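Peer 1: Read off the chains here:
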Amino acid sequence: MRKQRPYTLLLLLLTMVAHGQTGGLSTADGKTTASCVGSPLLAELSKSAGAEILKPYGYDFHEPWSCTKIESPWAAGANLLRFQKVSAQSDEATAFSVIKVSGSSYIWVIPTETGMLEVPHVESDPHNIAAFNALLGTLAKGPSSSADWNAVGKLYMVLLGHKAAEPMKPGPGSSGPCDPDGECTLAFADGLHGPKEPYTKWTLTLSAPNRSRPCRLVEASKEVITPPVP
Amino acid sequence: MTPDWAAKPTTVPYAKFGNPQSLNLYTYVLNNPLRFVDADGHIIDDSSLADNKKYQKWKKEYLSHDAAKAQWNALNDNKNITVHMGWDNKGTSSVTGGYQWDKSGSLTSVNVTLAGKTGDVSNSMSAESGYKHGSTITDSALRQAYVMAHEFAHVEYAQTPSGRDSLEQSQKDADFTSQKFKELGMQPALQRSDVQQANQRLLDASHERETGADQRAWEVVGPQ
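Which chain is which? The protein sequence lines are H and F, in order.
Just so we're aligned, residue 192 is where the first sequence starts under the working numbering, counting upward by one.
Just so we're aligned, residue 359 is where the second sequence starts under the working numbering, counting upward by one.
For the record, the hints were derived by calculation from the structure and aren't laboratory data.
Since this is a predicted model, take the numbers as computed values, not measurements.
Some clues are possibly wrong.
As the list claims (entries may be wrong) - When the alpha-carbon atoms are kept at most 30 Å apart in a straight line, the in silico DSS-like pairs for lysine-lysine are as follows:
id : chain 1 : residue 1 : chain 2 : residue 2
1  : F       : Lys437    : H       : Lys387
2  : H       : Lys260    : F       : Lys540
3  : H       : Lys332    : H       : Lys360
4  : F       : Lys538    : H       : Lys238
5  : F       : Lys475    : F       : Lys461
6  : H       : Lys260    : F       : Lys538
7  : H       : Lys360    : H       : Lys392
8  : H       : Lys260    : H       : Lys413
9  : F       : Lys540    : H       : Lys238
10 : F       : Lys415    : F       : Lys437
What the hints assert, rightly or not - Have a look at the derived ranges for each label pair, beta carbon to beta carbon:
id : chain 1 : residue 1 : chain 2 : residue 2 : range
11 : H       : Ser295    : F       : Ser498    : 37 to 47 Å
12 : H       : Gly268    : F       : Gln558    : 23 to 33 Å
13 : H       : Gly229    : F       : Ser406    : 42 to 52 Å
14 : F       : Gln458    : H       : Lys392    : 35 to 45 Å
15 : F       : Thr496    : H       : Gly385    : 34 to 44 Å
16 : H       : His253    : F       : Gln558    : 13 to 23 Å
Glycine residues also receive a C-beta, built at the ideal position from the N, C-alpha and C atoms.
All chains, full assembly: derive it from the sequences and hints.
Peer 2: Okay, structure coming up:
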């Protein structure tokens, strides 16, 4: 029995990570950690070839940035980094994410905020959806449980700078996010609003016609919801 | 040269001898003292804003809220502060900066630049970046009023002793990290614990300031 304990603990830890119960900074389905310093992707971006990739976006690593690593069981083997501009200036929230999937030399850059604004249509930009699908394409199989689906959707939210997003419960009578044709709809709230306050609702539609194959993100949208006044 | 409110001769706080226009005492009424009556106002619209229809619309929307009038008047009537208003039509960030405090720690001068795109609700704000209320505004007129109230909230914050301390600390941290990034490059700079700490302080302070300004702006222009 004693020999099994470490494995049990490891299994428990992995389960917690997969289900978002690790607390602190972690969101599990897209866990951000403080340090990206040892990341091979950071090293690559810091070289002149990496700087050339970032240059068209106006990102200059000679200016101060903070960098965090995004970890998720749904991005195993990929390198995901998130950068935020560091400044004393007010209303400066410029940020972007970078993805490099295993087995590819291609680096995806996803600008998410510029100044005090989100990048227009960041949620539905075909480039961002393609980057996420490149990530999902490396998975051996697609999500199966509701928790899996929420974790996949949450990872997209975290990549777009919304680590506090909370999955919304499916409507009454719904057995899960997917219909019989394999179209799966996920909804997230921005996670920072009170029960009677307006909030931004994100809706992600994923396709998973065959559970033995990876799913893919088809479309994403967002809208401001104002709860009715009682 | 002595400002019109001075009981005894003092220097004009906003005078810049490299910019003779700063000595023009009529700029506070947009270079047209016959069109505007503001005998002693201390919010100074850049002269180019007189015929800027977008800016005038923002200002009208903002001043249509009672609490906004009070916020504006408190700054405009404060003889110790000069608020220089500017406009950036293509910018994505309305910015409050260029803070100057006197030796006693009172704020004497600040620049507020409004960015045209920030008043258009087709450009979203992120609740997670601190704009919790701003992110839920779906009407552009209200967004424009919110952005002005938000920037003036930054000015109000800089008038407090804790606000001044925080802004001065952030400037020191920003100067430090800036220097290290230039000297070392990103990865070696980020390996230093002092840079990591300065970065974290900057991010925390920035988030606190934006969250505070968002809340204050909502008190000023949100539903009463």
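Peer 1: Under the criterion that the straight-line Cα-Cα distance not exceed 30 Å, is the pair Lys540/F, Lys238/H satisfied?
Peer 2: holds, 14 Å
Peer 1: Taken at face value, is the distance from the CA of Lys538/F to the CA of Lys260/H at most 30 Å?
Peer 2: holds, 21 Å
Peer 1: For the pair supplied as a hint, Lys260/H and Lys413/H, is the alpha-carbon distance within the 30 Å limit?
Peer 2: holds, 25 Å
Peer 1: State, for the Cβ atoms of Ser295/H and Ser498/F, whether the hinted interval 37 to 47 Å holds or is violated.
Peer 2: At roughly 42 Å between Cβ atoms, Ser498/F and Ser295/H fall inside 37 to 47 Å, so the hint holds.
Peer 1: Starting from the range 13 to 23 Å, see whether the pair His253/H and Gln558/F falls in it by beta-carbon distance.
Peer 2: Once the Cβ atoms are compared, 20 Å apart, the range 13 to 23 Å for Gln558/F and His253/H holds.
Peer 1: Between the alpha carbons of Lys332/H and Lys360/H, is the straight-line distance 30 Å or under?
Peer 2: Measuring from Cα to Cα gives roughly 24 Å; hence the hint holds.
Peer 1: Does Lys437/F pair with Lys387/H here, judged by a C-alpha cut-off of 30 Å?
Peer 2: violated, 41 Å
Peer 1: Has the given pair, Lys538/F with Lys238/H, been kept, meaning a C-alpha gap of at most 30 Å?
Peer 2: holds, 17 Å
Peer 1: Please test the hint of 35 to 45 Å on the beta carbon pair from Gln458/F and Lys392/H.
Peer 2: Holds: the Cβ-Cβ distance is about 43 Å, inside 35 to 45 Å.
Peer 1: Tell me if the straight-line CA distance from Lys360/H to Lys392/H falls inside 30 Å.
Peer 2: Holds. Lys360/H to Lys392/H sits at ~12 Å (cutoff 30 Å).
Peer 1: Below or equal to 30 Å on CA atoms is what counts here, so check Lys415/F against Lys437/F.
Peer 2: holds, 26 Å
Peer 1: Just to be careful, I want the Cα atoms of Lys260/H and Lys540/F compared with a cutoff of 30 Å; is the pair within it?
Peer 2: At roughly 23 Å apart (the allowed maximum being 30 Å), Lys540/F and Lys260/H satisfy the hint.
Checked against the numbered hints above, the structure violates hints 1, 5, 15; every other hint is satisfied.
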